[in-house]
Every structure is written in structure tokens, then in C-alpha cells.
Amino acid sequence: MRAVVIGGGLAGSCAALELAARGAEVALVSAGPGSTALSGGTLDVAAASPLRRGGLPLADAADGRPLAPLRRLLVAHGNAAHPYAALLRGRSAALEVEEARAALDAWLAPSGLRVVGSVDETRWLADVRGAVRAADLAQSGSGEGDLASAEEIALVDVPGLAGFDARPALRMLAAELASIGLSRTLRLATLELPAGLAEHAAAPARLARRLEDPAAQAALVPAAARLGAPRRLLLFPPVLGLERVDRVLAWAADATGCRVAELVGAPPLALAGYRLDRALSAALARAGVEEFAGRVASIEEDAGRAAAVRAEGGERLALDALVLATGRFVGGGLLERDGRLAEALLELPLYDLAGRRVDGVRPRRLVRRDYEGEQPLFAAGVRTDAQLRPLAADSKPRLTNAFVAGDLLGGFDPARDRTGLGVALLSGRRAGIEAAKC
Amino acid sequence: MRGYRGFLRELSRTGGARALSLQLRTGAAHLLRSLRGARAPDPVALFFRNYGADGFRLPDTERAQLQLAAEACLVCGLCSAECARAGGAPLLDPRDAVIAAARLEIDWLRLGLSEPIATPCAACRACTAVCPAGIPIDRVQESLARLGREAAAPQVATPAEIR
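These protein sequences, in sequence, are chains A and B.
At position 182 of the first sequence the residue is numbered 283 (the working numbering), and the sequence of numbers has no breaks.
At position 111 of the second sequence the residue is numbered 731 (the working numbering), and the sequence of numbers has no breaks.
Certain hints may be false.
[Claimed, not checked] Simulated restraints on C-beta separations:
id, chain 1, residue 1, chain 2, residue 2, range
1, B, Glu-691, A, Glu-300, 37 to 47 Å
2, B, Gly-754, A, Gly-405, 30 to 40 Å
3, B, Arg-745, A, Glu-402, 52 to 62 Å
4, A, Leu-289, B, Glu-691, 31 to 41 Å
5, A, Gly-191, B, Glu-682, 57 to 67 Å
6, B, Ala-648, A, Gly-155, 23 to 33 Å
[To be verified] Selected chain A positions facing chain B (Cβ under 8 Å, derived; list incomplete):
id, residue
7, Gly-133
8, Leu-139
9, Val-176
10, Ala-251
11, Ala-304
12, Leu-343
13, Glu-344
14, Arg-345
15, Pro-368
16, Pro-369
17, Ala-371
18, Leu-372
19, Ala-383
20, Ala-386
21, Arg-387
[Stated by the list, open to error] Heads up, incomplete: computed chain B residues facing chain A, CB under 7 Å, no partners named:
id, residue
22, Leu-651
23, Cys-696
24, Pro-752
If you're looking for bench data, these hints aren't it; they were derived computationally from the structure.
Beta carbons are placed, not taken as given, at the ideal position from N, Cα and C, and that holds for glycine.
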């Protein structure tokens, strides 16, 4: 059984790894990093933010009490168009998420990345701008930074570090914590980089790589030791290692003598997404998935089935099952073709949240002048049946052996409701499991 | 747009009257020159006949293309990460290079470089391979380096320099 997965983000990787675990011969075609690589360190299934309009609710509408992530997940599930509705129908949401977490954790562990958290309890995590989110699953690094679990929180200011300004972040953090009624001592702890490291501060990725070097770590110990205090949670900007965050975290905990975590990243400081992308690639290689770099030119069809994928380089990959995990605009699954919105490979019909067809519409007609409001363009995606097979305009499966996973699925707006990685994780695994039956 | 910006710059530097007279002079000159050259068949030839003497040159088309490509930058930093992993030691971080190219406002001191870069990096192209926006970052680096080498002899006169 040969399977081809198009897309190398979280959804495509999960599908490929599930297929490989079921004995399929898997080829994965990836045009390069997509939105998974731009993620900040959480793997939220159902996150919410206190000071943000739209998205999943933070608290119960009736009694105002904070919702556990699982309750939020069920809110999304209750929206019949959301991918969760099809993914969780007839299943226990908590069990489904825990299975996915454990599977991803096992795939990433050899790269030193763990997947922590659950949908039963909220982790309050701060990002590099000081914004707080009620997170659930997260990667090691940011996952250890639960604000509620610490008495005193110190943001680590690294003078000269590009993309991070600790003072405004601290003010923002104070305002956000006040809005959720979490009272914690907040302070700033300045980490003066010694010569040899200070000149890398302008390029955070280079600093992150240098911090993996034992010699650099040794030189930084005196400065790091001054950051520690009893019962303090130290929140570092997300530069603790380019690839091996586990080792740098362990070193930092040792050197400072207190709990350490990274802030959740956001572009332009999003190394956690880069680590996730690298760890997924490493997992694919270990599982024997053959990775092809490049774009897909076309999909060959034969009697209502996908027969082969032709890469832009001319290579032809014959297949028994196909997984489309091409993402939306960053990944390249949706694009503007001749001025009109289109799905890139199969010209699948696209729908917005209200169920209106939006393929063939000019993209500029699908955006509204409201930053946090609903944007039909960013909610556009394809419809599928219960097995995640993409539907044609007549509501019949477009190809009987093709499955869709990740952001390409319609019915939700990942930018607003922040379920993008959760949908990628759950739908990626499901698409892999369904495809393995072909 | 460029003329307008030049006008504002002059206004702030030298006072309104001089700036206005300069704008009128260049405006009138432009009108006269376009009338005189109206029958020339080739727009490029027309351009040089009218403006070559003022020091204007055709823009570098490759650089213009690179600027256009660089404007697609998401500022995600993957190029920096990949560059660091590949062990590259560029004088200018790839992301900074792309941002500089997108703005085409290259101030070497502000970029933290005391002098223009001669050889930008090892040209391993790791940055280009990883860019989600498909920007040819290695070519951007090379183009900036070339710009730096040319910096000693400016190729394009700004309106403020026309006297």
C-alpha cells in the first residue's frame, strides 16, 4: 500500500506517521515550512485569551466561571461546521486528545521535545508580548511556564535581544493577569550577556544556537546565577536553544536554581515553531517516510480515484491513498489564481463560515475592515465527509481515496479561534488512519 | 511620490521659498523636456535624452524585482534559524537583509555595520530553501553587497540633489 501526503506541517506529518505506523509505504511532498513552523510553542486544541474578541470563550456565558479547555473544545464541537464536529462525533473528546498528545509526544521525544498538558486543566501561558492565553497542550519550553503555578514571576530581559522588549511585555502581562484576577508578584530580571554572546543578541537564532554550546553556557553561569530566587518562575524569551530546548532548559534551571520556562513565541521570535518543524522532519525520517522537497504540479485521476502525484520536478509518485495537508495561504493550499480565490491542486469548492461558496471570488471582497472580527477569506476551506474525504460541489466525495487534514479543512478560522494546531493534530492522525484503510 | 518626499525634505532643510522654487524649476523643466521629446519613439531613449544629464540612471531591474519579492517577507525568522543551524556567519542576518531590501533604505550604520559588506555570506542558500514566502534571500544578500560596493559612487540622483 503506497500513500502520498502533500504538506509537511503538523497535519501532514501526523498523517504520514500514522500511515507509516500502519505499514504503508509513505512519500511526503513538502514545499517548505508552513504555518506550523511559525507557531510559538503551544499546540492548543482549544485555547482562549482574556483580552481578545472572538475565538473560543474563556468563561462560561451563564455563570462567568472559567472554562476548562475541554469545555471550550465542546463549544467548538457544537458548531456543526467546525472540523472538531466530524472528528469527535461518537468519541470521547478527552480520550481523543490524550491519544493524539501521547502519539505526538512519542514522535517528538527523540528530538528532546515533549508535549505537555491536557484538556482537563488550563495552563496560563504568557507570550513574548506579555499577552496571556488559557492554553492546553504545549511543547517543552513554553509548556513549563504556567503562571498560576508560581508565586513570583520574573521576565528575563536580555539587553539588545532583537524582537523582545521586556518592559512593555511586563506591563501587558500585569494588565492581562489583572483581567483574569490572578495576582502574582511580577518583576524584571536582567541577564547581561558576556562578551562572545552579546554580539549575537541582534540575531536571536544565532544566540539560541550559541546557548547550546557548553562553553557559552559556562561563560553565562555567573550572570544566570544572579537571576534566581526562591519560589520564582523565570520566563526567558524563546531563545533557549535552536534545536535542543530540553538541554538548554535543564542547564538554565541548574544555573539559576529555580523553575525556568520560555515565553510563548510570536513572529519575529518564533523559534519554537522551527524546533517543532525540525523535530517532525526527524520523526518522519526515523519512520522511513520518504520526504520530497518541492511543489506538486498535478494530481492524476483515474475513475474517481487519485492515481498519482506529479511533482513540479517531473517526478511521478503512484499511490493508493492521498492525504492533502497543504494548509491555507502560508502553506499554499489556497491561493489567488487569475485574481480569484482557488484551492491549489484539485480546484475544490471552498466555503466560508456561513457556508457560502467563496472560491472564484476576488480575495479582496472577502476581507473586512475589522482587525479582530470575522474575515471570510481566512475562514475559507474545503468541506469533507465524515472520513475527511473532500467534497465536490455536488456534495459527493471528489476522489474516493483522498483525505484532507489541517488548515485546508473549512468551517473554522484558525487565526481567530486558535484551534489550528489542534485541528492539525486530530485531523492529521485521523486522515492517516482513514487513508491506511484504502 | 518621490518628488513629494523630496519637496518635504527640502522644506524642512532650507525653508519653504527655496523648496518651492526648486519644485517649480524641476516641474517646469520636466514639462519643457517632455514636450521637446514627445516625438521620440523609444521611451528609454527619451528618458536618457531628457534626464541623463541630471545624473538619472535606469533603476536596476534585478534589484527592483528583489525589492518586490522582499516585500512578501512575513518576518517569521525561519531564514535566521536555518542560517544559524547551517553554521553560517553572514555579516547581515538574512532577515535583516530582506527587511533592508524591502525598504530600500540602506543605512549601513543603522544596520550595525561600520562599512558596506563586500562578501555577504557563504551563499549556501539554506535561507532561500526555508523561506515560506519564496524570497530568494541569497540573491538579496548579494544584491545588498553590490549596493554597498556601489555606495561610494551613487548611481541615482535624488530630486534634492538637482540644482
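Hints, verified against the model:
1. Glu-691(B) <-> Glu-300(A): 37 to 47 Å: Violated - the Cβ-Cβ distance for Glu-691(B) and Glu-300(A), about 29 Å, lies outside 37 to 47 Å.
2. Gly-754(B) <-> Gly-405(A): 30 to 40 Å: holds (34 Å)
3. Arg-745(B) <-> Glu-402(A): 52 to 62 Å: violated (35 Å)
4. Leu-289(A) <-> Glu-691(B): 31 to 41 Å: holds (36 Å)
5. Gly-191(A) <-> Glu-682(B): 57 to 67 Å: holds (58 Å)
6. Ala-648(B) <-> Gly-155(A): 23 to 33 Å: Given about 55 Å between the Cβ atoms, the range is violated.
7. Gly-133: Hint holds; Gly-133(A) Cβ to chain B Cβ min 6 Å, cut 8 Å.
8. Leu-139: holds (5 Å)
9. Val-176: Since chain B brings no Cβ nearer than about 30 Å to Val-176(A), farther than 8 Å, the hint is violated.
10. Ala-251: violated (28 Å)
11. Ala-304: holds (4 Å)
12. Leu-343: holds (6 Å)
13. Glu-344: Result: holds, 7 Å to nearest chain B Cβ.
14. Arg-345: It is violated, given that the least Cβ distance between Arg-345(A) and chain B is near 11 Å, above 8 Å.
15. Pro-368: Interface hint status for Pro-368(A): holds (5 Å vs cutoff 8 Å).
16. Pro-369: At 5 Å from the nearest chain B Cβ, Pro-369(A) passes the 8 Å test, so the hint holds.
17. Ala-371: Holds - the Cβ of Ala-371(A) comes within 8 Å of chain B, reaching about 6 Å at its closest.
18. Leu-372: holds (6 Å)
19. Ala-383: Violated: closest Cβ of chain B sits about 13 Å from Ala-383(A), beyond 8 Å.
20. Ala-386: violated (16 Å)
21. Arg-387: violated (19 Å)
22. Leu-651: Violated, because the Cβ-Cβ distance from Leu-651(B) to chain A comes to roughly 36 Å (cut-off 7 Å).
23. Cys-696: Cys-696(B) check passes; min Cβ-Cβ to chain A is 5 Å, inside 7 Å.
24. Pro-752: Because about 5 Å separates Pro-752(B) from the closest Cβ in chain A, which is inside the 7 Å limit, the hint holds.
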